[in-house]
Amino acid sequence: MRASSTARMISRMIAVQGPTSQVTLQPLVDRDLGELRYFRFWPEEVTVAGVPATVTRTGFSGEHGYEVIMAPDDAQAVWDALLAAGAVPFGLTAIDLARTEVGLIIIAVDYDPGERSPWDLSMDPFIKTDTGCVGATALRERGEDPPKRFKTLQIEGDAAPDYGAAVTQDGRDVGVVTSPASSPRVGTIGLAVLDTDFAADGEKVEVAVGDGTAPATVAPLSILDPQKRRPRD
22 MRASSTARMI SRMIAVQGPT SQVTLQPLVD RDLGELRYFR FWPEEVTVAG
72 VPATVTRTGF SGEHGYEVIM APDDAQAVWD ALLAAGAVPF GLTAIDLART
122 EVGLIIIAVD YDPGERSPWD LSMDPFIKTD TGCVGATALR ERGEDPPKRF
172 KTLQIEGDAA PDYGAAVTQD GRDVGVVTSP ASSPRVGTIG LAVLDTDFAA
222 DGEKVEVAVG DGTAPATVAP LSILDPQKRR PRD
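Taken in order, the sequence shown gives residues 22 to 254; the numbers are from the numbering used here.
Bear in mind the hints are in silico, worked out from the structure with no lab data behind them. Just so we're clear, the structure is a prediction, and the values are computed from it rather than from any experiment. One thing to keep in mind: the hints can contain errors.
What the hints assert, rightly or not - Label-pair ranges, simulated between beta-carbon atoms: (1) A180 / P64: 46 to 52 Å; (2) D194 / T68: 38 to 44 Å; (3) G178 / I148: 32 to 38 Å; (4) A24 / D133: 28 to 34 Å; (5) A180 / A105: 22 to 28 Å; (6) D194 / E66: 50 to 56 Å; (7) E162 / P247: 25 to 31 Å; (8) T27 / P110: 26 to 32 Å; (9) E56 / G185: 43 to 49 Å; (10) P64 / Q97: 21 to 27 Å; (11) E162 / F60: 27 to 33 Å.
Cβ atoms here follow ideal geometry from the backbone N, Cα and C, with glycine treated the same way.
Using the sequences and the hints, build the whole thing.
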């Protein structure tokens with residue numbers, strides 16, 4: 022049996038993120054963005070910059086934001102209208118920094134399926150072990166005393182560690198950095214998977230940086246917005 026497939030682009034998405042996202046996008050949309058609650062979307066298309074589009078109140082920045090989904094041929098019109106409205110383009114480097122500041126996880130960077138459990142990523146609020154799914158018993162047992170926690174490290178100095186940098190205390194390995202960043206807002210930081218005994222806020226550790234180590238302090242996962250209010254406001 023022979024088979025073939027053809028890949029084609031059926032939509033484009035433009036993320037409009039940040040504290041001014043609503044006031045920037047609103048003049049281009051024929052519906053009140055204030056009606057759209059966090060993590061919701063309008064199932065029916067609206068008009069954005071004169072073209073049909075789906076608007077969602079989502080994003081990967083940890084900020085108030087929207088994602089606009091439209092046909093590929095319409096994306097340029099929306100892009101041009103956003104720039105004319107004062108929007109400033111940003112790329113993957115900026116969004117990676119923003120998501121690190123608020124503790125958002127990337128699969129295969131912070132989370133390796135088969136190697137780390139959801140407990141290791143401090144995803145406790147989203148874990149349900151009473152659903153009868155395959156593996157629920159093992160997951161529940163692991164959650165009774167999670168061996169690891171996912172936190173932010175506030176690192177002294179300007180040099181960010183590498184991905185996978187060792188976290189130690191008095192020479193003992195106690196964790197690993199998964200997402201390092203140099204943030205203009207909060208300084209040098211890194212998301213890290215830590216042994217639970219060393220993951221309390223305020224705990225002092227060392228992080229491998231260059232040929233040496235840098236002192237670091239364990240902080241809440243979302244160092245910039247611990248209560249996750251920014252995307253909801």
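The hints, checked one at a time:
Taking 46 to 52 Å as the suggested C-beta distance range, the pair A180 and P64 conforms, at roughly 48 Å. One distance hint, 38 to 44 Å for the beta-carbon pair D194 and T68, is violated here, with the actual separation near 56 Å. Judged by the Cβ atoms, the range 32 to 38 Å given for G178 and I148 holds: they are separated by roughly 36 Å. The hinted window of 28 to 34 Å between A24 and D133 holds, with their beta carbons roughly 32 Å apart.
A hinted range of 22 to 28 Å for the beta carbons of A180 and A105 is inconsistent with their spacing of about 40 Å. The hint said 50 to 56 Å for the Cβ distance between D194 and E66, and at roughly 52 Å that hint holds. Checked against the given bound of 25 to 31 Å, the beta carbons of E162 and P247, roughly 29 Å apart, stay inside it. At roughly 31 Å, the beta carbons of T27 and P110 sit within the given window of 26 to 32 Å.
For the pair E56 and G185, the beta carbons lie near 44 Å from each other, so the given range of 43 to 49 Å is met. The hinted window of 21 to 27 Å between P64 and Q97 holds, with their beta carbons roughly 25 Å apart. Range check, E162 to F60: about 31 Å between beta-carbon atoms, so the 27 to 33 Å window is met.
Going down the numbered hints, you'll see the structure goes against 2, 5, while the others check out.
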